[in-house]
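Novice: Start from the sequences and build out the full structure, keeping to the hints where you can.
There are 2 protein chains.
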Amino acid sequence: MSQRFAVIMAGGSGTRFWPASRAAHPKQFLSLSGGDETLLQASVRRAAAVVGATQVLVVTSARHAETTRAQLPALPAENLLLEPQGRNTAPCIAWAIAHARRRDPQAVLAVLPADPHVGDEQAFEAVLQRALGVAEGGALVTVGITPNRPETGYGYVQVGEQCGDGARRVVAFVEKPDAERAEHFFASGDYLWNSGMFFFSAASMLTAIEAHLPQLARWVVECDEAARRGEEEGFVHDSYASLPSVSIDYGVMERADDILVVPGSFGWDDVGSWSAAWQLSQRDGDDNGCGGGEMLALDASGSYVSAPEGKLVALLGVEDLVVVDTPDALLVMPRERAQQVRRVLDELKARDKTRFL
Amino acid sequence: MSQRFAVIMAGGSGTRFWPASRAAHPKQFLSLSGGDETLLQASVRRAAAVVGATQVLVVTSARHAETTRAQLPALPAENLLLEPQGRNTAPCIAWAIAHARRRDPQAVLAVLPADPHVGDEQAFEAVLQRALGVAEGGALVTVGITPNRPETGYGYVQVGEQCGDGARRVVAFVEKPDAERAEHFFASGDYLWNSGMFFFSAASMLTAIEAHLPQLARWVVECDEAARRGEEEGFVHDSYASLPSVSIDYGVMERADDILVVPGSFGWDDVGSWSAAWQLSQRDGDDNGCGGGEMLALDASGSYVSAPEGKLVALLGVEDLVVVDTPDALLVMPRERAQQVRRVLDELKARDKTRFL
Numbered sequence: 520m521s522q523r524f525a526v527i528m529a530g531g532s533g534t535r536f537w538p539a540s541r542a543a544h545p546k547q548f549l550s551l552s553g554g555d556e557t558l559l560q561a562s563v564r565r566a567a568a569v570v571g572a573t574q575v576l577v578v579t580s581a582r583h584a585e586t587t588r589a590q591l592p593a594l595p596a597e598n599l600l601l602e603p604q605g606r607n608t609a610p611c612i613a614w615a616i617a618h619a620r621r622r623d624p625q626a627v628l629a630v631l632p633a634d635p636h637v638g639d640e641q642a643f644e645a646v647l648q649r650a651l652g653v654a655e656g657g658a659l660v661t662v663g664i665t666p667n668r669p670e671t672g673y674g675y676v677q678v679g680e681q682c683g684d685g686a687r688r689v690v691a692f693v694e695k696p697d698a699e700r701a702e703h704f705f706a707s708g709d710y711l712w713n714s715g716m717f718f719f720s721a722a723s724m725l726t727a728i729e730a731h732l733p734q735l736a737r738w739v740v741e742c743d744e745a746a747r748r749g750e751e752e753g754f755v756h757d758s759y760a761s762l763p764s765v766s767i768d769y770g771v772m773e774r775a776d777d778i779l780v781v782p783g784s785f786g787w788d789d790v791g792s793w794s795a796a797w798q799l800s801q802r803d804g805d806d807n808g809c810g811g812g813e814m815l816a817l818d819a820s821g822s823y824v825s826a827p828e829g830k831l832v833a834l835l836g837v838e839d840l841v842v843v844d845t846p847d848a849l850l851v852m853p854r855e856r857a858q859q860v861r862r863v864l865d866e867l868k869a870r871d872k873t874r875f876l
Numbered sequence: 520m521s522q523r524f525a526v527i528m529a530g531g532s533g534t535r536f537w538p539a540s541r542a543a544h545p546k547q548f549l550s551l552s553g554g555d556e557t558l559l560q561a562s563v564r565r566a567a568a569v570v571g572a573t574q575v576l577v578v579t580s581a582r583h584a585e586t587t588r589a590q591l592p593a594l595p596a597e598n599l600l601l602e603p604q605g606r607n608t609a610p611c612i613a614w615a616i617a618h619a620r621r622r623d624p625q626a627v628l629a630v631l632p633a634d635p636h637v638g639d640e641q642a643f644e645a646v647l648q649r650a651l652g653v654a655e656g657g658a659l660v661t662v663g664i665t666p667n668r669p670e671t672g673y674g675y676v677q678v679g680e681q682c683g684d685g686a687r688r689v690v691a692f693v694e695k696p697d698a699e700r701a702e703h704f705f706a707s708g709d710y711l712w713n714s715g716m717f718f719f720s721a722a723s724m725l726t727a728i729e730a731h732l733p734q735l736a737r738w739v740v741e742c743d744e745a746a747r748r749g750e751e752e753g754f755v756h757d758s759y760a761s762l763p764s765v766s767i768d769y770g771v772m773e774r775a776d777d778i779l780v781v782p783g784s785f786g787w788d789d790v791g792s793w794s795a796a797w798q799l800s801q802r803d804g805d806d807n808g809c810g811g812g813e814m815l816a817l818d819a820s821g822s823y824v825s826a827p828e829g830k831l832v833a834l835l836g837v838e839d840l841v842v843v844d845t846p847d848a849l850l851v852m853p854r855e856r857a858q859q860v861r862r863v864l865d866e867l868k869a870r871d872k873t874r875f876l
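The listed protein sequences correspond, in order, to chains A and B. Here the numbering used here is used: the first residue of the first sequence is 520, the next is one more, and so on. Here the numbering used here is used: the first residue of the second sequence is 520, the next is one more, and so on.
Quick caveat, the hints were computed from the structure, so don't treat them as lab data. Keep in mind the model is a prediction, meaning the values are calculated, not measured. Keep in mind that the hints are not guaranteed to be accurate.
[Unchecked claim] Here chain A is said to cover these stretches of chain B; the calculated rule only asks that three of the stretch's residues, wherever they fall, bring their Cβ under 8 Å from a Cβ of chain A: (1) 821-830; (2) 833-845; (3) 858-866.
[To be verified] To give an idea of the interface, some chain B residues facing chain A are shown, with a C-beta separation under 7 Å as derived from the structure: (4) L817; (5) A848; (6) L849; (7) L850; (8) M852; (9) P853; (10) F875; (11) L876.
Don't be surprised by glycine CBs; every beta carbon is placed ideally from N, CA and C.
Specialist: This is the structure we're talking about:
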């Protein structure tokens, strides 16, 4: 039987959770819900439940090495792949495939983002097992989330005919729609949310990379040769920046034929903004949620607070606000502005206040 | 010529500026406008300009001794009177009178709160000189502020006939009015804002205290006797708690005849709430004011920020908010709720979170 691997992509440098997330401390290292477990820790725990703890690879930026090791003390050292630069997801996945294939040429991989929220972990694990099983047959597979609302914040997967094992053929990957198209997608039942999770055998994906990103395929071969000489680290350090910065979605999946999708429904959310963090937080009777610190809400409703441990945040008479406090920076905005946090970062750059980024 | 003294009453423990003001660090020790000078420092500086630096007495609580000395390093040690307990203003003023009279039996005193804002300092000093001159003649004198709006947040002084030196007779002291009465007061021209400043000779006020608060008058005599024995500190420590806790307004001024008022107009504000602090702050083109920290306002208006030095406070898309940050507690409320800060303190007490008070 082939070995199964899970690859957690933890290289993100998201800006949507400023000021809690910073260039040096992005979203995956945070706990947004108020619990002790960070998004990365939860992702690794869930993946380990599916493939086993020794089979989880984590790919992140070299600059996050220390934080990642601190958050994942049980991760075997050889399972941590440190990218010298971020080059989007295709190079990151190709490198992880090379690693997995050295352990087992028949390796089958699940590639998972480090930062989604999963509400129903049992259902999640069952869907991953099914998707890995389908991938074992040689197909490139994704998981699509059954929508429960006409969401405009996610990409979609248009699905076609059934093809056994609960999988369906992918007709097309579709960008985030406007409200009207989202309504249509939701009503038709032929569209699933794109979860950003991919499943494949090492051999199948390398064949697809060879077809669509030949430079990256050659790099994998050279990387394996360097590894045999014991020189992988230096090789990656010297060559990684020359790789095409392209996503696996755009670079391979959207160009390949015969992509399958396994539908799933497990309380998934990509937690794309402070508003999503509020949605996922435990809320009081007035719909106020707290993702950290001590909230005191008087005549306040629909608001979200995140603050360092022990810090008191008193809300008096406010509605639908987001208040995120950190030792050196504080953000206050209406919840409906949560998608605009980037504007604050742009303004900080423009004013040369980069110490707050 | 009689010596002139200024008595700065700095014993307040105001709760309206929480979380910047705390039980251990009340409003007079803060700079609310964003400058370096605290309200207490400004009050002492202005008083010294009128009576001379050695003639300024500061009365505060023994618990604030350290903070007061740190903020007023040039204050002569014997000019700092430390109350073992707060007993409102009448005992505090009586004790200050005893001190001044020992230096000069003909002493004339100006009693000033430690925490108002004064916009026009030259006009302020001129009015104080005039009021001291009137008090030298033997009257009990207050200064009334010429209203520039029908304010409901201040008490008023109803004025009567002219009696020379620019002073008028006081008809009555009036509590904070409702909006309708405030409009009437403003339109009539016969009402001034009660500034809480009092001017009198030691002899005149002691006579009035003897008439209306005889227990306090006896205490002054005993205090002088103890001082002659070199035992004032112990005497005050042992006896202060037994004094009536009453304001000089209620205990003496409102019961005495022949009170005079000198009208003044010098950009006076008692800075009674965060909303007043906003009003007095330097504001940007969108009416956002900053009383500390670094404010970054994007699509924000009418808001006020106060934060520790160097802390960034980003406001995105908010209106008319007050955001006050301190190392351990943060308050967010609409500006119009500024009078309700006390509710937060009451709730903290009810939840036994007294460390934040």
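Novice: If a hint holds in the structure, say so; if it doesn't, say that too.
Specialist: Comparing the hints with the structure gives:
1. 821-830: holds (count 3)
2. 833-845: holds (count 8)
3. 858-866: holds (count 5)
4. L817: This hint holds: L817/B lies near chain A, its Cβ roughly 6 Å from the closest one there, short of 7 Å.
5. A848: 4 Å, holds
6. L849: 5 Å, holds
7. L850: Since the shortest Cβ distance to chain A is 5 Å, the answer is holds.
8. M852: Where the cut-off is 7 Å and the nearest Cβ of chain A is about 4 Å from M852/B, the hint holds.
9. P853: 5 Å, holds
10. F875: 5 Å, holds
11. L876: 11 Å, violated
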